[in-house]
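Visitor: Here are the chains, one letter per residue:
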Amino acid sequence: MEAALARRPGAFEALVRSHEKVVWHLLLRMVPRREVAEELCQEVFLKVFQQLHRFRFESALGTWIGRIAFSVASRHLRRKQLPLVESAAVDDDDSADPFAQLADDMDLQQAFEAADDSARLAAAIERLPALQRAVVTLFHLEELPIAEIATITDMPEGTIKSHLFRARRSLRHWLQ
Amino acid sequence: MTAQHDKQLEARIQAAAEGVGIPSDLPAAEVEAYRRMYRAIRQTPLPALAPDFACRLEQLTRDLPEQAAVEIWILRGLGALLLVAMASLAPALLQVVAAAAAKATLLPWPLLLGSCAALFFAGAVDRIALVRR
Chain H
0 MEAALARRPG AFEALVRSHE KVVWHLLLRM VPRREVAEEL CQEVFLKVFQ QLHRFRFESA
60 LGTWIGRIAF SVASRHLRRK QLPLVESAAV DDDDSADPFA QLADDMDLQQ AFEAADDSAR
120 LAAAIERLPA LQRAVVTLFH LEELPIAEIA TITDMPEGTI KSHLFRARRS LRHWLQ
Chain A
0 MTAQHDKQLE ARIQAAAEGV GIPSDLPAAE VEAYRRMYRA IRQTPLPALA PDFACRLEQL
60 TRDLPEQAAV EIWILRGLGA LLLVAMASLA PALLQVVAAA AAKATLLPWP LLLGSCAALF
120 FAGAVDRIAL VRR
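The listed protein sequences correspond, in order, to chains H and A. Note that the first sequence covers residues 0 to 175 in numbering that gives the first Met the number 0. Note that the second sequence covers residues 0 to 132 in numbering that gives the first Met the number 0.
Any given hint might turn out to be false.
Mimicking DSBU-like on lysine-lysine, the simulated pairs with C-alpha atoms at most 35 Å apart in a straight line are [as the list claims (entries may be wrong)]: (1) H:Lys-46 - H:Lys-160; (2) H:Lys-79 - A:Lys-102; (3) H:Lys-79 - H:Lys-20; (4) H:Lys-20 - A:Lys-6; (5) A:Lys-102 - H:Lys-160; (6) H:Lys-160 - H:Lys-79; (7) H:Lys-20 - H:Lys-160; (8) H:Lys-46 - H:Lys-79; (9) H:Lys-46 - H:Lys-20.
Far from chain H, by Cβ distances over 10 Å, these chain A residues were calculated [unchecked claim]: (10) Gly-76; (11) Ala-101; (12) Ala-116.
Everything labelled a hint here was simulated from the structure, so no lab data went into it. Glycine included, each C-beta is placed from N, C-alpha and C at the ideal position.
All chains should be built: construct the whole structure from the sequences, respecting the hints.
Guide: Structure follows, in structure tokens:
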């Protein structure tokens, strides 16, 4: 990091290489359009470059970069008027049947039956709200602890646990 | 069984699926189903980022200070041009300002001030009337 701050050749490239995977997966899950995710990924690392001198070692560098990535993705969703979490009605109803939310999309079940497991899972994950997609990705794919996900998303740990629970339950039902 | 109880059981199943083994009081099939799902999330391939992404970023960040330096020099040049232009036009500008000042003394100032005061008074009355309505 010191090398990147001193702008030594290749230092920032190394920094990007060591954190690009987490940022890319997070953005790709939150903003499923690949070309948009690529633009945002570039924006995230340019922000990292511009603000690196402000990093105070209060958390791991990866967590700090994750926070920037999450805030860039959230701002993009807000600008596009896409919800980060599901609507309040669905959010409050923990007993809601996930299939009930798919009532207007009946061919999805057929698509599930026809496709292989990976495609089914990818389709099911896409049905989740953006925040739940992010939480599932950070927890299961990147294997980050709940506390770190809470720091990245700037949300209480309890909220993250609740979103993780609901995301897994929905996925389980959809993939059944 | 209540919804709250169902939720707690589901949460225990989810948590058990994160570890190894299956507690005897939990349905093994459910735990295994969650385990398969967790595995699938880890193994489902995601599109990869361009392999030269980091290299391009490095190039971009190297260019940024250079671009900023060029922009700063352009701004400085424009500032200098503006100063030269103002200095060369100063005599003409002074003449224009002096002429405007001379004309201003010819204006009927008492009439203008009186009109402004009347407009201000009418506006205030209108506002008070709006507030009281």
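Visitor: All hints are to be evaluated individually against the structure, with a verdict given for each.
Guide: Evaluation of the provided hints:
Annotation: proposed proximity of Lys-46 of chain H to Lys-160 of chain H holds, straight-line Cα distance about 29 Å (limit 35 Å). The hinted pair formed by Lys-79 of chain H and Lys-102 of chain A fails the criterion: a straight-line CA distance of about 56 Å is larger than 35 Å. For the hint linking Lys-79 of chain H to Lys-20 of chain H, the alpha-carbon distance of about 25 Å falls within 35 Å, and the restraint holds. Simply put, Lys-20 of chain H and Lys-6 of chain A have alpha-carbon atoms about 34 Å apart, close enough for the 35 Å limit, and the pair holds.
Note on Lys-102 of chain A and Lys-160 of chain H: the hinted pairing is violated, with a Cα-Cα distance of about 77 Å set against a maximum of 35 Å. Of the pairs offered as hints, the one joining Lys-160 of chain H and Lys-79 of chain H holds, with about 27 Å between alpha carbons and a cut-off of 35 Å not exceeded. A distance of roughly 23 Å separates the Cα atoms of Lys-20 of chain H and Lys-160 of chain H; the hinted pair therefore holds under the 35 Å criterion. Restraint check for Lys-46 of chain H and Lys-79 of chain H: satisfied, since their Cα atoms lie roughly 21 Å apart, inside the 35 Å limit.
As the CA atoms of Lys-46 of chain H and Lys-20 of chain H are separated by approximately 17 Å, the hinted pair is consistent with the 35 Å bound. Distance check for Gly-76 of chain A against chain H: the nearest CB is about 26 Å away, which clears 10 Å, and the non-interface claim stands. In this structure Ala-101 of chain A is separated from chain H by more than 10 Å, as the shortest Cβ-Cβ distance comes to about 54 Å. The claim that Ala-116 of chain A is not at the interface with chain H holds, since no C-beta of that chain comes within 10 Å of its own (minimum 49 Å).
In terms of the numbered hints stated before, the structure departs from hints 2 and 5, listed from lowest to highest.
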